[in-house]
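Those sequence lines, one after another, are chains F and L.
Position one of the first sequence corresponds to residue 1 (my numbering), numbered consecutively onward.
Position one of the second sequence corresponds to residue 1 (my numbering), numbered consecutively onward.
Hint data in this document are derived by calculation from the structure and do not stem from the laboratory.
One should not assume that every hint holds.
[Stated by the list, open to error] The calculated label-pair distances, taken between Cβ atoms and stated as ranges, are:
#1 L:Ser392 / F:Pro94: 56 to 64 Å
#2 L:Pro196 / F:Ala273: 45 to 53 Å
#3 L:Gly193 / F:Pro270: 36 to 44 Å
#4 L:Pro195 / F:Asp151: 21 to 29 Å
#5 L:Leu131 / F:Asp307: 44 to 52 Å
#6 F:Thr148 / L:Arg100: 18 to 26 Å
#7 L:Ala637 / F:Asp160: 52 to 60 Å
#8 F:Pro213 / L:Ser392: 52 to 60 Å
#9 F:Pro270 / L:Arg199: 44 to 52 Å
#10 F:Asp160 / L:Glu632: 53 to 61 Å
Cβ coordinates follow ideal geometry from the N, Cα and C atoms, glycine included.
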Amino acid sequence: MRGDRLAWLLALLLVLACPVQAPAQGFAGMGTEAQGFAVPQPDPEFVFPDDHGPHPDYRIEWWYLTANLTGPDGTAYGLQWTLFRSALAPGEGPGWDSPQIWFAHAAITTPQAHHSAERFARGGIGQAGVTAAPFAAWIDDWRMAGETLEDVTLTATGDDFAYDMRLQAEGPLVFHGDGGYSVKSAAGQASYYYSQPFFRISGQLTLPGGEVPVTGTAWLDREWSSQPLADNQTGWDWFSLTFEGGDKLMGFQLRQTDGTTFSSGTWIGPDGATRALGDGELSASPLEMTRVAGRDVPTRWRLQVPDRDVDVEVGAINPDAWMHTSVPYWEGPVVVSGSHAGRGYLEMTGYE
Amino acid sequence: MTAAAIQALWSHWRRNPLQLFTLVAGLALATALWSGVQALNAQARSSYDAAAALLGEGRFDQLVPRSGETIAQDRFVSLRRAGWLVGPVVEGTLDAEGERVRLVGIDPLTAPGGAGPITQAGDAPLQSFLLDRLIFAHPDIAEALARTVTLRVVADPGLAPGTAITDIGVAQSLLDRAGEISRLMLADTQPRGRPPLDRIAPDLVLRPSQQSSDIGQLTGSFHLNLTAFGLLSFAVGIFIVHGAIGLAFEQRRGMVRTLRSLGLPLRHLIGLMAVELTVIALIAGGIGVVLGYLLAAALLPDVVATLEGLYGAQVSGALNLQPSWWLSGLAIALAGTGLAASGAFWRIARMPALATSDARAWSMAAGRRHGLQAMAGALLFVMAGGLVWLGSGLLAGFAGVACLLFGAALVFPLILDRALTVAERRTRAVRWEWFWADTRQQVPGLSLALMALLLAMAANIGVSTMVSSFRLTFTGFLDQRLTSGLYVATDDVAQAATLLAFVEGRADDVLPLLSADTRLAGQKAEILGVRVGPAYRDNWSFIAQDGAVWDRVATGDAVIINEQMARRADLWPGDTLPLAPGRDLPIAGVVSDYGNPIGQAVIGEELFGALFPETRATRFGLRTQAPDALREALIDAGIVQAGQITDQAALKAFSMGVFERTFTVTAALNVLTLAVAGFAILMSLLTLAGMRIPQLAPAWALGLTRRELGRLELLRAVILAALTLVVAVPLGLALAWMLLAVINVEAFGWRLPMFLFPTDYAVLGALALSAAMAAAAWPALRLARTPPSHLLKVFAHEG
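Only chain F is shown next, with the shape it has when bound in the complex (with noise of 0.2 Å):
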């Protein structure tokens, strides 16, 4: 799914110098066809590690992690991390001709307080990138790189946070939709999607109050594409949840102008074997609303999937978990009770 970030990334890319623009004029400048990018087919055939580095032929491509950590007093915390490439033009060119952008959002989640920060950068001068082997993924003196992306280390710094951790895969990756082309809407757009989600991570967070040493799951993002989605789409709601079981569910719903919704997402067990559930298979509904950065977000939600017999609640760790970037969205770790306990991820955007 994250298909629909597509068109959150569009519209921050042409508001980073122009603040007042809505985002959904953003669309104007760009329109929605491929405009001589690359466009995903179906029965992609991934070659690794080349496809952990960036494929500068398509529009946009990030990588995307987030964390659920606990400190030695077993307090929740969380961590995101993540790089984005967003091309004015298809391709490479030298130096400052380079057609790439690179931007990239940190942040760590306390059950108090929420630490955010961002970077951009333009391709082809060395101050952002991604090479494949070895792994390195960088911006300024952030950095995720290591021999191969299953050991890795992990760094960013804002005004008033820090942390450095290493990161170890234990499990394989996992794609979702058909073997990793993840169909988008009925019209058909896609992106090419797999995940990473068997991180076990350990390291230092540096917190105003000062260090603190911690240890959880990751789960790693790889998506890239080249199509914005349609204009009837508000926002989004997305979930990456661990179950104490084992078994791992991403899931999201696209919020339509109409009141409808379309859902989508990945049933992951232990040994990484998936399952898809189409539109409709899963279904989330808001249960409680916090008033944060002057709007309304839904910050405890029901979640089922029948098919599964999942029926969670998932809660906010911070309800204030919000992203004063760019383009500012709510997103922050979560705890899962109900049929089946665990944490997880919860991204939530278009709430205005």
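With chain F held as given, fit chain L onto it using these hints.
For chain L alone, kept in the frame of chain F given last:
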């Protein structure tokens, strides 16, 4: 009734068109001078602001190369990857069909504080800016630039004049500076845990934000000049307006009495008169603003040249004024009219309904007020003195100047009266006794015009003394500082070594110029290291000194500081200055350092080397008898490029050329203020001429010919102007002293020594006398040609 009242009020102006003209012209001139000067200042300020706002020069700290002009682009990337939030800027000059274009390249993604004009580039600003390789340019160079480059140029009046901005990649290729950066801007907030700058970038220097754009501070003195002129001119104009309104209202007393007797309520009448004055003020203000615009447009080229030459400040050569400027011109005209008319309104309001009307009563009453006025004037003098001695801050300085000027204006009629009384007593001949008595009797009617003349002359003397003193001091200062024949700035230590080897034996003396930025006595400051020698010993003069200054500096036992630091930190010879931890040195001397906003300490070369072992000299002064030959030899041998050498003589000639420009502006304003004052005298004399027939008729009947009467009128004008001049000279000098010793110190931290220019004052006096004579010529001629029948009519009702 209202219509009738309006008609009656208007009929006064119809019968006295000259009075109406005086009122409108006086107000228009006052507004014109004020708003013209404001326009010049506003234009310059908006140009500075545009430069500072766009490039973040005023707002952000910057990293600049310790030596040379260039930072490698890799250095930008390595700083970013070390966690420093910096944005690169490349800057250079392009020649576009003979126009000098300052081309600035930025990276919109990392520029702190936003990306300037690229937000206007349509629906997808970033996309257009980067992909279409747009160049935004100030309208004054946009067209020339568009014809020079193949890229799309967008005119943007929000940019600084002569400036174009584009993506850094585009700028690098246009400037032929691939992979090079001129400076780095630092974001206000930086992430935690960065490595210290001196470890990862020892070749870069942090230049704090205020220091990097001090154009406003540097040019402040120049704008202060202009503002002082504008204010004084306005005051002179308002005197004229006050006179005209006062006279008109007095002459309308009869009409007021009649209208009130007919049943028009006083409140209603005053309202109508206020509306009447408002309409006149708006018309006159409108004319004045247009005149002000023309004045500013005429003077702008000189102002632009002055500012650019003096401070390197770029100011657009085309006036580009905000609507608020036009409105403020009208507002000041209205406010001035209100101020000038308040007394007249007050008197009308208090006048008994059936009071008699007597035009002469007004001027006679003015005479009775002399004593009171003089007392008020004396009080203002005391206030001025108090503000100078006890007050602090620029505002107190200006208030002191205002008190001085208005106090003098108020005391002036009494001084005139006394002087004329003395002259009258010393005279034996009846004719001259009558002449002096008649002159004295005219003083009340002329006093406002004479006050205007007094202020105009005093302002001229004051401002020209200030400007001339500044020029003289600055010339001396240039001699003191530009002691070498040639100045050479090398790129790095290697080039410096080549240079030193080359000039060995070719130059008489080599003076390395060492400097380091630091904080001293809690202020931003610069430490200079000098090689003490005749170049310094013979040329530098001290404001204050203690013993053999240079000997003590040479041995590293003492320090010289500049006047700015001395005044701000109250440090003088005998005090000690902590240069570095555990390094307190006594101050041996204080030198003037005009135009420098920050403090400065001068120490010997060896001590500098001990304090700043990392800093090597890259700039040198070369003393030589044949600068041209040495210059050519340096360039021919390929040691340095032409742009790295500055010739002292050329620099001085350039600076002096700039001052001549300043004088053009000052002289033009001088002539204008004098013209306004001359106009005031003319109008007062013309007004009086009609009323004086009854006083002149008996003199004529007793045997004075009309021609003689006319000649006496001329003589009177000259005598009054001369008396005014006698008072204006000390007043002007007092004004100059306050500008130099009070306002300059408050505004810039340095005090200019005051020099006197008697020839200038003599020329000014001659000008003022000529103006008074010219103003009196017409009334005198009219008097000489008055038909005898008019003079006879005076006696018609007698007998």
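Taking the hints in turn, this is what the structure says about them:
1. L:Ser392 / F:Pro94: 56 to 64 Å: Since the Cβ atoms of serine 392 of chain L and proline 94 of chain F sit about 60 Å apart, the hinted range of 56 to 64 Å holds.
2. L:Pro196 / F:Ala273: 45 to 53 Å: 52 Å, holds
3. L:Gly193 / F:Pro270: 36 to 44 Å: Holds - the Cβ-Cβ distance for glycine 193 of chain L and proline 270 of chain F, about 38 Å, lies within 36 to 44 Å.
4. L:Pro195 / F:Asp151: 21 to 29 Å: 26 Å, holds
5. L:Leu131 / F:Asp307: 44 to 52 Å: Once the Cβ atoms are compared, 47 Å apart, the range 44 to 52 Å for aspartate 307 of chain F and leucine 131 of chain L holds.
6. F:Thr148 / L:Arg100: 18 to 26 Å: 56 Å, violated
7. L:Ala637 / F:Asp160: 52 to 60 Å: 57 Å, holds
8. F:Pro213 / L:Ser392: 52 to 60 Å: Holds - the Cβ-Cβ distance for proline 213 of chain F and serine 392 of chain L, about 57 Å, lies within 52 to 60 Å.
9. F:Pro270 / L:Arg199: 44 to 52 Å: At 48 Å between Cβs, range holds.
10. F:Asp160 / L:Glu632: 53 to 61 Å: Holds, at about 60 Å.
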